[in-house]
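Visitor: Model the full structure from these sequences, guided by the hints.
Protein sequence lines correspond, in order, to chains Y and D.
Reminder that position 156 of the first sequence reads as 156 in the UniProt record's numbering, one-by-one numbering, no gaps.
Reminder that position 126 of the second sequence reads as 126 in the UniProt record's numbering, one-by-one numbering, no gaps.
Don't read these hints as lab results, they were simulated from the structure.
Just so we're clear, the structure is a prediction, and the values are computed from it rather than from any experiment.
No false leads were slipped in.
DMTMM-like, lysine to aspartate or glutamate: derived pairs with alpha carbons at most 20 Å apart:
hint : chain 1 : residue 1 : chain 2 : residue 2
1    : D       : Lys9      : Y       : Glu57
2    : D       : Lys9      : D       : Glu89
3    : Y       : Lys99     : D       : Asp5
4    : Y       : Lys99     : Y       : Glu132
5    : Y       : Lys115    : Y       : Asp92
6    : Y       : Lys84     : Y       : Asp39
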Amino acid sequence: MPDDLDAEDLARLRELGQRFMRAVPHNNALGLELRAVGDGRAEIFLPYDVRLVGNPETGVLHGGAISALIDACCGAAVFQALRKPMAIATLDLRIDYLKPASPALGVTARAHCYKVTRHVAFVRGVAFHDREDDPIATSAGTFMLGTRTTSRTEGAA
Amino acid sequence: MSTTDQWLKQVLAEARAAGDPARLAAVVPYAQTMGISLLLAPEGPHAGELLGVMRFGEHLIGNPVLPALHGGALCALLESTAIFQLLWESELSATPRTIGLTVEYLRSGRPVDTFARGMPTRQGRRVTNVRVEAWQDDRSRPIAVASAHFLVHSDEGPAKLEI
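Guide: In structure tokens:
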């Protein structure tokens, strides 16, 4: 996280991030916790939960839960990179699974939005248990910026 | 890696005997939490085809303003459907493990039920590639597509020359 932010900036960013977590039902359902935000960066924790297990014999979290964590974390990083709040939508997301998650452990995701253009934001992400250099999954994604904020079915189209 | 888990083999055999793939999804806690299940297409040109379905629930929403489904939820449906389908339709020597997947989001997911179907594009001895599509009311207008590759190799299978 960058250290050139003053306490007020940091508080504002954190507040924005927490609102983002609480306001999104699926993030809430997964129990996601926003741990840190910064300039174009976000860190989100997915607590271990038996409801999210993929293999009931081993107790390992399902890949889908980790995908959702990464997607949410990448989205949060994009928000942190924007100069003003606007609607965003995932365009594409590639996830590589490097190793299975260990049973009974939560997963942390970190994402960095390293480039923002007028229409598109580019993000890298990683998910791990304890150490970022021993990842469970890595990701690369793009997000569309300034997407419409009204439903197509309600609009003119 | 390990061979197909014994418990999974048993569930698969029971689900096949009953002609009810939903039994397979029912043993996966995450699928239950998400509302992801399996069904056989009832009629039309795709009758009898295995489909993944994600029943709509408020907990799937990612954008409450539109509202729209969470990208991660769609990703989960695509990945789960591909794995379930590989289990249901092929005789694998090992439980498929996801190596990677790329999801393209084409349209926002409306707050209704979502369906998915995979098409294996290459079935190799060690790796299987699958293209999966998710749609809502109109199958010809997918809301998300994924290309995924899975490790399906078992070390305990017959010994062959590795290239």
